[in-house]
Structure formats: structure tokens, C-alpha cells
Amino acid sequence: MAQSILHTAESRDKSDHGWLKSYHTFSFGGNYNPERIQFGALRVLNDDWVNGGMGFGEHPHDNMEIISIPLSGALQHEDSMNNVAVIESGEIQVMSAGTGIYHKEFNKNADEPAEFLQIWLFPNQRNVEPRYQQQRYSDDIFKNKFKQILSPDSNDSGVWIYQDAWFSIAEFDQETTSTYALKNKVNGLYVFMIKGSAKFSEQALNERDGFGIWDIDNVVIKAFKGSKILLMEVPMNY
Amino acid sequence: MDKTEILIVCSHDEILKTIVRLINSNTSMRGTGANTLEQALTLFKSTSFQLVLIGAGLKPEEEKELIENLNRLQRKVPIVQHYGGGSGLLFTEIFKALGKKTPLS
Chain A
254 MAQSILHTAE SRDKSDHGWL KSYHTFSFGG NYNPERIQFG ALRVLNDDWV NGGMGFGEHP
314 HDNMEIISIP LSGALQHEDS MNNVAVIESG EIQVMSAGTG IYHKEFNKNA DEPAEFLQIW
374 LFPNQRNVEP RYQQQRYSDD IFKNKFKQIL SPDSNDSGVW IYQDAWFSIA EFDQETTSTY
434 ALKNKVNGLY VFMIKGSAKF SEQALNERDG FGIWDIDNVV IKAFKGSKIL LMEVPMNY
Chain B
440 MDKTEILIVC SHDEILKTIV RLINSNTSMR GTGANTLEQA LTLFKSTSFQ LVLIGAGLKP
500 EEEKELIENL NRLQRKVPIV QHYGGGSGLL FTEIFKALGK KTPLS
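Order-wise, the sequence lines are chains A and B.
Reminder that position 31 of the first sequence reads as 284 in the numbering used here, one-by-one numbering, no gaps.
Reminder that position 41 of the second sequence reads as 480 in the numbering used here, one-by-one numbering, no gaps.
This is chain B alone, in the form it adopts within the complex (with noise of 0.2 Å):
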């Protein structure tokens, strides 16, 4: 089965350690990290992303010219804003993004 590839942007490292670890763990995602707009950039052009989570710490006009450049280069590809740092909202944030009703849908 092929995973969803998620690419998380975050410029908090040890947060984005950690988000990425947590996808990582569900076996049918596969997470990528990028803490800046610039490499955000470089790994969406070389990946097919389902989805784009955008985590703490980047300056508004980064997420916006983030936001800019990726519906640009793939308008398809849902763009959700992370909250919470951790565990607790992820998979709901993923799953709903996703169009899930289920997590195994």
C-alpha cells in the first residue's frame, strides 16, 4: 500500500522532531520535515505530498507566501494549519484534512 506522504513545516526543530516522528509511527503515512519556507519549497517540487501541515514558527508572511508558492506549484494539495505540538490533535488534523470518516477509511 502506498503511504500518505505528509510533509510538515515547523521551524521549532525538537517540535518538528517530534510530529515527524509521530507520523512516521502510523504505518501507512510517511512524514518529511522542512524548518524553513526555503526547504519547504525545494521538497515539495521533488515529492508528491498528499498534504501539507504547517506547525509553529514561522512569521505570518512566511505561511502566507508559503501558502502562495504551494497551491502554485499544486493547488490541489490541502494546506491545514497544526495546533497543539503534539500527538493530541494530529491524527484528527491528518484524518480530516484527508476526507477520512474513519482512520482506516
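Chain A extracted, bound-state conformation (with noise of 0.2 Å):
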């Protein structure tokens, strides 16, 4: 029998340090609440809003999968691994943290916020070789139909990470109905409202609300016109 549980936006603990302010859905940083530690494999779900011209100073991460993927402005990423690069809007980045990585990032743009989500996933396997991904997923049409962005696969669609989860992504301008079936029976789904509102089985949520759901084998998606939606698939065995 199907189970859920449902995370409100007003229910997200929230950080303010000035130049950053965070929703977290599952505690983070000195936000504990032994009730909301995770989804499953989903471990960090925070929605970051950076000023301009501020960010993250370099810090070390391990043993995490990292997906950045931002929502308006762009961000400035440099790494241990060498990898300066920029992403923005239309982009998801993937760092596989593994042994261990030092990576800082900031708001490119001097005179404007940038907002991104920043979700972390536990690795099927700890130690790897860190590796860092980036990958533009707004060139093709999603419109209306959810597109694939992440993936354990590296020749499946989308980035790929260390874990068996995948991630789908879409905007709609109109009223749409439609039906995820998912990859594995043992995993969960935790949908995401980016913006907008829909009905996932018979849940209603409005933006920034949070939707996990397991024990299924599919569910139905009523998306409104003017809703951004996040789909995480997810192991459940954490």
C-alpha cells in the first residue's frame, strides 16, 4: 500500500546568515529535527538564495553526491580537481565527493541573487575517485513532458552519479496530466514543487512544497499551467 509524506514550505527549517538565506527540507548545518533527517537516499534538499557577488568560500566535502541546479542567476564554480566552470539556469552540476574534494562557490553576478537547489544524496559506494559533472538540459524541448537529467548511467539521459536514483524535470504552460512509473519498485519518489502547483495521486502541493511517496509502482501527475516540478527517484534503503 502506497505511503507518504508530505513537507510543506512553511514547514522548512530556514538560515539566515545575511548574504545566504536556506530552506531545508531534512536538517542541515545546526538545524536538527530527528524527524526530517531524510528521504531515503535523499539526504539534502536546500533551496539557496546567494546575493550578489557573495558565496561559498572553499570547503571540503566526502562521501556525497552533490547536485547543484540553479533556478535564476548563475554560480562560480572552482574545485580541487581543477575544474572552474559556470553554471546557470537551464544546468545541473554533479560532484561525486568520494575520498574527499575542496570546491568554493559564489554568485557570478555582482548586482543580482542567484537561487539554486542544492540536494545531496548518501553514494551506493563510499571512497570513489571524486568526479565533477555539468550538463545543459534546457536545450531540448521539455515542455509539458518530464525530461530526464540524472541517472546512475553514464550512457543513460542527463548526468550520472553514484547512486541508483534518477532525477526528471519539467514546465508546464498547461494544464497536463501524466503518469511516472518508476525504475525500481524498491525506490521512492520525492517530487519538489519548484514553482506552480499540482496534484501527484491525490496530494496537492504548492510551490516549495515537498511530496515523498513509496511503495508504489507509478503515480499520476496532475501539473497546472505555470508549475516547474522536480521529480527525485530515490533508493529508499537508507
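It should be emphasised that the hints constitute simulated quantities derived from the structure, not laboratory data.
Treat each hint with caution, since some may be false.
Claimed, not checked - Each computed DSS-like pair below joins lysine-lysine, with the alpha-carbon atoms no more than 30 Å apart:
#1 A:Lys448 with A:Lys400
#2 B:Lys456 with A:Lys267
#3 A:Lys267 with B:Lys540
As the list claims (entries may be wrong) - From the structure, some residues in chain A lie toward chain B, with a derived Cβ separation under 8 Å:
#4 Gly283
#5 Val297
#6 Asp315
#7 Gly343
#8 Trp467
Claimed, not checked - Just the calculated beta-carbon pair ranges, DEER-fashion:
#9 B:Gly538 with A:Asp426: 48 to 54 Å
#10 A:Glu455 with B:Thr486: 51 to 57 Å
#11 B:Gln520 with A:Val337: 48 to 54 Å
#12 A:Ser431 with B:Glu504: 27 to 33 Å
#13 B:Arg514 with A:Gly479: 54 to 60 Å
Everything numeric in this text was worked out from a predicted model, so none of it was measured.
Just so you know, even glycine gets a beta-carbon here, dropped at the ideal spot from N, CA and C.
With the hints as a guide, dock the two chains, each given alone in a separate frame, to form the complex.
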């Protein structure tokens, strides 16, 4: 029987560092809520707003699949693997932190905020060699239809990570009903409403709400006009 | 108030320093770092730790050997794999392992 959990936008913890405002769906940093630690392998879902010209100084990561999806503006990225890049809205970036990396990221624009989702998944193996990948997904038409932007397979669509997870994204300019079939029945699906509203099965969702559902084969999605939705299929045995 | 003693085992020196610094920034905790299996076991025998965090870099067989030896020495001490290498998940891992309902409980 299907099980589900709703995380409304208002229920998220908020950190305000002046230059950074971050809404945490799950416990992060100094915010600790034993009832809100993860959804399966999905451990971090931060909705970050970075002021113009500001950003995260050099800091380490290890053993985590770190995915960034800019929603507006652009981020300048530099890391200890000698990657120097700019990621902007319409792109997805992934770092497999593995045995350890350093990186820093700043809002590239001095005069406008950058808004991005920072998503961390537990890896399916520890201490892998660190890797970086970035890809533009918005060049292809994906209006009113979910487009896969992440998978565990380097030969599949989108970027790949060390986890049996699949992400898809869509933007709707008309009311659309579709069905998402899980790739693996032991996985769950976590939905994040980037914009607008939708219904998943019978659950109504509004902007920045999160909704997890598992013990299902597929889910019917009714997306309303003006909505933008991120789907994250992740293993639940974590 | 006695501080919660935490042993961090991580072979990546810079990440180890970062985690120890972050733990020691909390006035109720004291972090001690070890970057090898042997060093971790030596420290564990000399200090009464309440928690062991295993960070990046140990080989799977070293992690297994470490856990087996720690359990043999003191089975009640929780041993947790640390993920993320920084402040993002660290305190949740600690609070959860220590069974805390809130950071102050």
C-alpha cells in the first residue's frame, strides 16, 4: 500500500546568514529535527538564495553525491580537481565527493541574486575517486513533459551519479496529466514543486512544497499551468 | 559540564582537521582526530569516547577491522559513518547517534 509524507514549504527550517538565505527540507547544519533527516538516500534538499557577488568560500566534502540545479542567475564554481566553471539556470551540476574534494562557489553576478537547489544523496559506494560533471538540459524541448536529467548510468540521459537515482524535470504552460513509472519498485519518489501547483495522486502541492511517496509502481501527476516540477526517484533502504 | 568525547577517523588530513575544528566549535563536545587505523585504536584505548565517526579514506577492510576492534574494546560506543566532509550533516549525525531529541537535550 502506498505510503507518503508531505513537507510543506512553510514547514522547512530557514537559515539566514545575510548573504545567504537557505530553506532546508531536511536537517542541515545547526538545524536538527529527528523527524526530518532524510527521504531514503535523499539527505539534503536546500533551497538557496545567494546575494549578488557573494558565495561559499573554499570548503571540503567527502562521500556524498552533490547536485546543484540553478533556478535563476549563475554560480561560479572552482574545485580541487581544477574544474573552473559557471553554472546557470537550465543546467545541472554534480560532484561525487568520494575520498574528498575542496570547492568554492560564488554568485557570478554582482547585481542580482542567484537561486539554486542544492541536493545531496548518499552514495552507493564510499571512497570513490572524486568526479565533476555539468550539463545543460534546457536546450532540448521539455515543455509539458518530464525530461530525465540524472541517472546512475553514464550512457543514459543527463548527468550520472554513484547512486540508483533518477531525476526528471518539467515546466508546464498548460494543464497536463502524466504518469511517472518508477524505474525500480524498491525506490521512492520525492517531488519538489519549484513553481506553481500540481496534484500527485490525490495530494495537492504548492510552490516549494515537497512530497515523498513510496511502495508504489507509478504515480499520476496533474500539473497545472505555470508549474515547474522536479522529480527525484531514490532508493529507500537508507 | 563534561564534554562529549568524539573520535574522528579519516585519512584525508584537511577534512579531518575541518571536522575536528567544527566539533570543537561546539562547547559541549571535544573532537579528537586519527588519520590511521592504528592511531584510532591507540587513542580509543586511552580515552573514554562516547562516539566514533568514520570519515573518508579508509579502505573497506580497514573500516571493518576498525569496527571489529572498537567493538571488542567497548561494544556500547556508537560507531557511525560520517558523510559530507563538513558541517552540513555532522551535527545531525552526532545528535542522532547520541539519541538526542533536540540539540540541547
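- Item | Hints that the structure is at odds with (numbers, increasing) | 7, 8, 11, 12
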